[in-house]
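Colleague: Single-letter residue listing:
There are 2 protein chains.
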Amino acid sequence: MLAEIITIGDEILIGQIVDTNSAWMARQLNLIGVSVKQITSVSDDQEHILDALAQAEKRADIILITGGLGPTKDDITKITLAKYFGMGFRIDEGTLAIVTEIFKKFKRPLLDINIKQAEVPDGCEVILNKNGTAPCMWFNKDNKIFVSMPGVPFEMMYLMDEQILPKIKAQFKLPVIVHKTILTAGIGESFLAKEIEDIENDLPENIKLAYLPKLGQVRLRLSAKGKEEDTLRAEVELFAKNIIERIKQFVVVDDDIPLEKAILNIMKEKGLTLSTAESCTGGYIAHLITQHPGSSSVYWGGAVSYANELKESILGVREETLAGYGAVSEQTVIEMAEGAVEHFKTDYAIAVTGVAGPDGGTEDKPVGTVWIAVSNQSKTIAKVFNFSNKRIQNIERAAISALTMLLNLLKEDYLKE
Amino acid sequence: MLAEIITIGDEILIGQIVDTNSAWMARQLNLIGVSVKQITSVSDDQEHILDALAQAEKRADIILITGGLGPTKDDITKITLAKYFGMGFRIDEGTLAIVTEIFKKFKRPLLDINIKQAEVPDGCEVILNKNGTAPCMWFNKDNKIFVSMPGVPFEMMYLMDEQILPKIKAQFKLPVIVHKTILTAGIGESFLAKEIEDIENDLPENIKLAYLPKLGQVRLRLSAKGKEEDTLRAEVELFAKNIIERIKQFVVVDDDIPLEKAILNIMKEKGLTLSTAESCTGGYIAHLITQHPGSSSVYWGGAVSYANELKESILGVREETLAGYGAVSEQTVIEMAEGAVEHFKTDYAIAVTGVAGPDGGTEDKPVGTVWIAVSNQSKTIAKVFNFSNKRIQNIERAAISALTMLLNLLKEDYLKE
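So the sequence lines, in the order shown, correspond to chains E and G. Heads up: the first sequence is residues 0 to 416, going by numbering that gives the first Met the number 0. Heads up: the second sequence is residues 0 to 416, going by numbering that gives the first Met the number 0.
Think of the hints as simulated: they come from the structure by calculation, not from any bench. Note that the structure is a prediction, hence the values are computed from the model and not measured. Treat the hints loosely; a few may be bogus.
One copy or two, it doesn't matter: identical chains are merged, so the pair holds either way.
[To be verified] Derived DSSO-like pairs (lysine-lysine); straight-line CA-CA distance at most 27 angstroms:
hint	residue 1	residue 2
1	Lys267	Lys389
2	Lys213	Lys129
3	Lys364	Lys106
4	Lys72	Lys247
5	Lys382	Lys247
6	Lys410	Lys207
7	Lys106	Lys389
8	Lys382	Lys129
9	Lys72	Lys224
10	Lys382	Lys213
Isolated chain E (complex conformation) (with noise of 0.2 angstroms):
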């Protein structure tokens, strides 16, 4: 079964925004066994729309569309839609209820240009847009379908979710496909690969592993296509076991979620609470950490000590300490990283300062060096890393390196066989 899928509007092509959209329906196609042919991103201009369309509809099965939804005259999808399949407009009643009731909770008066957001072509059925005042709109046309959605990322991924990978999986033949991911840290790609060569050298036809790399972990999903759910999920299992035993000391978590979601999970199992000290890392720990829906019941908060002088008043990290071996050190990590343990009176804590860049690096300490401490109450554990001298990539580096200590250190205080 193929798909395309369509961006339509200039803030892709003006390269002002990044189509991070795609990316994201294609991985979830791929996932209930759907392939992408190609990915489209055209301008808010109709001749162009329509012949990408028609394109589309001779390739592909499935053509997702997202963008130009908007209630402004640059807007033209929904205008589109309706001259290629040749329909009119109707008012869809269920958009324009939520239209109302957005515009009434922000206390907004509804304007004409509003109510237009309700217009619909007449012979698509709508999906309610819970999340924004778009409608989303399936079009059947020879047992093709077409699907329109707002560009708005969460709303788009909502209706994903919710209301079209269902709707696509009841109304085509879709392949049973299975995946089990395991995700690793601490060791490359090609050093994995060959680690596990005759594993993957053994896998059979309908079994596929993909080697999904991202800032020092590697993700090993294997995938096996065919028509018996429970027979599929046995045989990946058995070779996803294979693999786990051969590299068990790089292994994070055998399942589809990231590392901080990993390591949250095994502290609420265990009662345990986790506290950050982050400087360089500017709150991007804490910021991964809190995304995840119950993280309160193990983090309790945290610093962030960009200035010497809340290193200290916060954190308890001693002046001279700072004075002496500097910010971006062994000793201050480790105050830091102790400090959080006894200010914040948790049974863990992490700790990272370094140089992100690009400017503040020195001979001694260039751009990249970052130290990172980890500790429980009677114990800690700090390393240094020398990471690139790109700002963004050393914060992100930085915060998956601390929290692959930190794991590596539960893993030694609590999951030792």
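Fit chain G to the supplied structure of chain E, relying on the hints for placement.
Modeller: Just chain G now, kept in the frame of chain E:
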């Protein structure tokens, strides 16, 4: 002048990577007056690539192609381009020298498969890629150009910056394009459009206005096309001035920078310092701020006070306040903000406490209830918001709202006319 971008390879189509290359290329092209008509991602399938090339040639004058230039069997860009242009192959000596040198440097044996990297269609001009083994190939056809580049971002960026963009500027007669961006916050797209409707209607043919909304903010971008940069700049500035005058209270900054960067710029100029006290935003505001190089001259740090204990111990929120009014309350958020100013010794502070969800809501304080306060050393302003039931969006909206409140306080204190 129109361009199209074609990316070749499965990584994007299976959702493994986000296509950041195309956005970057589009931005660079727009800056030199080349509009991008379409961005297309196709798989490693010869017929499909040939079709995409033919389609692009119909619409555009400049066709930029990335990807599919690796040494393995699934990389078929070169052979497909040779077929498209009816060319044979030759060995490019310059590329061969680079390949040989790279393998020597990494002490790896030079295999036949690597030597093949230096084979190119015999009618193309090779642009030497100093950062990798894949050649960059430039084809001229009937006043149109096709350029094939590696998909590795830093190789592509270097080639574009150093070679391809200058060559395009030399070969084509390009218009001058001038952009001007106005960032607004606190007003929706449709209300903005209504406010400035007459100004928009009065825009001359060569100036376009785009609305780029994102999380409670809307960017207005004026783009003028013409021949003479100074004239265009003056024209655009005039319209921008009229727009800013009309919607003054919603204007964050008349520049293409994010909200927090605008705040950092103002505070740096005035020599002011900032701290944060975050509960439900969990470090996200700190992260937004500390992404920016040089933020440490303004931002001293802050607390992520997820647990009530930390609200008391780090920020000095009184136990009676928490017990009497709850963690999500006007009283608590005021004490958090004032506590941050006092304990972290900064000129300004932001505090946020709320129910991010999906759990933790009550009848009184449903999920999405967020109290935000901003303080200077003599005044605190607190406000309650009712966002949605989505955790990540609540965090992002709360952060943007908090930053908007801070900006307004700064404007009141420093930018009054």
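Colleague: All the hints need checking, so say for each whether the structure fits it.
Modeller: Here's how the hints hold up against the structure:
With identical chains, the CA atoms of Lys267 and Lys389 are at most 27 angstroms apart between copies only, with a shortest distance of 22 angstroms across copies and 34 angstroms within one. Within a single copy, Lys213 and Lys129 get their C-alpha atoms only as close as 33 angstroms, which misses the 27 angstroms cut-off; across copies the closest is 18 angstroms, which meets it. For the identical chains of this complex, Lys364 and Lys106 are inter-copy neighbours only, at 19 angstroms across copies versus 54 angstroms inside a copy, given an alpha-carbon limit of 27 angstroms. Proximity of Lys72 and Lys247 under a CA criterion of 27 angstroms is satisfied inter-copy only: 23 angstroms between copies versus 57 angstroms inside one chain copy.
Taking the closest pair of Cα atoms, Lys382 and Lys247 come within 27 angstroms of each other only inside a single copy of the chain (21 angstroms); across copies the shortest separation is 50 angstroms, beyond that limit. For the homomeric pair Lys410 and Lys207, neither the shortest alpha-carbon distance inside one copy (29 angstroms) nor that between copies (58 angstroms) is at most 27 angstroms. In this assembly of identical chains, the alpha carbons of Lys106 and Lys389 lie at most 27 angstroms apart only when taken from different copies (20 angstroms versus 44 angstroms within one copy). Proximity of Lys382 to Lys129 under the C-alpha cut-off of 27 angstroms is restricted to the inter-copy arrangement: shortest distance 26 angstroms between copies versus 47 angstroms within a copy.
For the homomeric pair Lys72 and Lys224, the shortest alpha-carbon distance between copies (20 angstroms) is at most 27 angstroms, but the shortest distance inside one copy (44 angstroms) is not. Taking the shortest Cα distances, Lys382 and Lys213 sit within 27 angstroms of each other inside one copy (21 angstroms), while across copies they are farther apart (39 angstroms).
Hint check: a violation occurs at hint 6 only; the rest are consistent with the structure.
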